[in-house]
Amino acid sequence: MTAFTLSLKELHDQLHSGETTVTALTEQALGRIDDVDEALGAFLRVDRETALQRAEKLDQELKDGTKQAEEVLFGLPVGIKDNIVTKGLTTTCASRLLENFDPVHDAHVVEQLRDAGTVTVGKLNMDEFAMGSSNENSGYKTVRNPWNLDHVPGGSSGGSAASVAAGEVPFSLGSDTGGSIRQPAAYCGVVGLKPTYGRVSRFGLVAFASSLDQIGPLTRSVEDNAYVLQQIAGHDERDSTSVDIEVPDYLKALTGDIKGLKIGVPKEYLSEGVSEGVRAQVQAALDKLKELGAEYEEVSLPHSKYALATYYLLASSEASANLARFDGIRYGVRHEEDNLLDTYKKSRSEGFGDEVKRRIMLGTFALSSGYYDAYYKKAQKVRTLIKQDFEDLFLDYDVIIGPTAPTTAFKIGDQLDDPLTMYANDILTIPVNLAGVPAISVPCGLSDGLPVGLQIIGQHFDEATVFRVAHAYEKAAGHEEEVPVFKGGTHS
Amino acid sequence: MERISKENIRHVAELARLELKEEEIAHFGEQLDKIILAAEELNELNTDNVEATSHVVDVRNVMRRDEVKESLSREDALKNAPDEDEGQVRVPSVLD
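Line by line, the protein sequences give chains A and B.
Last residue of the first sequence: 492 (full-length UniProt numbering), numbering continuous.
Last residue of the second sequence: 96 (full-length UniProt numbering), numbering continuous.
Excised from the complex, chain A in its bound form:
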């Protein structure tokens, strides 16, 4: 079956002109998954029957011309990261501990998509509980990069990125705690947005680090991304950190006009840790933005070097608290022992993979008596300094731009031995989560045949400017023609 290559708007137009049907699009997604996913490993679960039943019902609505059928996302197939709960569709967070977990409600974002008339075809693979940068920490299977199957797709939303890059679905949802949407988007050559903390409700997102987690869209174009954010953004009283603030019309922001835009380029983001190939493409992108009428200059985010340590202390501390609920009592897989305490221990030790255990241990240590002030509290204070770095720059600049990741996708197995090397993949995305600002990764060419991502960071709740800059760049750069070819089917 052919890959999805059209934009969401084009698919929408085809549905309305009668050129295609919801059932045909759903069958295209399922057929494409049949063709390529054995090699790719992007999906953990495909719900063929429910998807086709829903497609049939939506086709009837389309015929009847109901209000819902007017939505741009109406009738489009979507893949959902497996840490976002879906009623009646098993949700595992790629953990063995939750291999039989059947959610009793939908996440807010899933409700929003359903209201727009999308068809969920399945759940996407990820690093277990979203902890990882390569998808090698999935409790089930490793996702492969569609550009080169020997390489990782990035993580933790590796399935979300790979499924869109390989044209299995036109768009997907992921989550981003330290770069988990943007880094795989960069590695797989797709567009991935982490919205402002509080822009999208986290209700129904299985919590990893609650002060950092955000849900966001992965798509093939900036315009597609804007359509999806439009649908999932907004206040939800079931998430007390979701902010009640107006959601602007993101499509109207895509003017193509960035004349006079002021761009700050942090010198820390183009340091020696960034590969030459990545640096060259980012420099070329900056030159392109200049041609379009923007101005850029070198700036500094002086506390960037402390972001990684700050992040791992805070995220792991929050994770150790959040993951305490997985004890094998009320849900999940129980390994029963003679008494309750041993049952907890056995269930958790059998259920969690190594990376999850490592982070629970680190977090428990950082929060434990005698170490709390030295590690956890200290990291919270440094977080304030990192956030202030961004606030200072946004007084003078509209956006901050740099690479999304220091390198292109590395080979599967290359970084498994050393957690610190693995963690360094997120060195350019983590500060954004700590500051809570929005950022997008947009493809900016290839280096040695693998995609490079350009990261565009905006002010709190200013996704509109981020989209405007990303869209203007994307149109001018013309990288849309660059698509992966992999065994199991070409892209088109």
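Hints may be right or wrong, so weigh each one.
[Said to hold, decoys possible] Stretch by stretch, here's where chain A covers chain B in the computed footprint (C-beta under 8 Å, at least three residues):
{"#": "1", "segment": "29-36"}
{"#": "2", "segment": "77-87"}
[Stated by the list, open to error] Some residues of chain A that are not near chain B, with every Cβ distance over 12 Å (derived):
{"#": "3", "residue": "20"}
{"#": "4", "residue": "45"}
{"#": "5", "residue": "67"}
{"#": "6", "residue": "98"}
{"#": "7", "residue": "150"}
{"#": "8", "residue": "207"}
{"#": "9", "residue": "245"}
{"#": "10", "residue": "279"}
{"#": "11", "residue": "287"}
{"#": "12", "residue": "298"}
{"#": "13", "residue": "300"}
{"#": "14", "residue": "350"}
{"#": "15", "residue": "413"}
{"#": "16", "residue": "446"}
{"#": "17", "residue": "482"}
Note that these hints are calculated values from the structure, not bench results.
The model shown is predicted, which means the values in this text are computed figures rather than measured ones.
C-beta atoms are modelled at their ideal positions from N, C-alpha and C, and glycine is treated no differently.
Following the hints, put chain B in place on chain A, whose structure we already have.
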């Protein structure tokens, strides 16, 4: 210098309700030691007069009306329970 002793690791594992094998204690101990050592670079910064950030966006006093709403049904609440009996979650003995 070893920042985290094996005894430390055992204690933390107990707090985290994890059962670690001897080789895991050694392995995690070594890795956590390295991570903590790297994290100590934060001590280069003077943060005496810096406020801690626990939440990045200024939202305060998020309250809802104190109204009774329908909550999870017993059936749903028990749907995923590994062991249940007469409408309740069954657990192994709490006391030895």
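For each hint, the structure was consulted:
no.	hint	verdict
1	29-36	holds (count 5)
2	77-87	holds (count 6)
3	20	37 Å, holds
4	45	16 Å, holds
5	67	27 Å, holds
6	98	9 Å, violated
7	150	26 Å, holds
8	207	14 Å, holds
9	245	9 Å, violated
10	279	25 Å, holds
11	287	33 Å, holds
12	298	23 Å, holds
13	300	16 Å, holds
14	350	9 Å, violated
15	413	18 Å, holds
16	446	32 Å, holds
17	482	35 Å, holds
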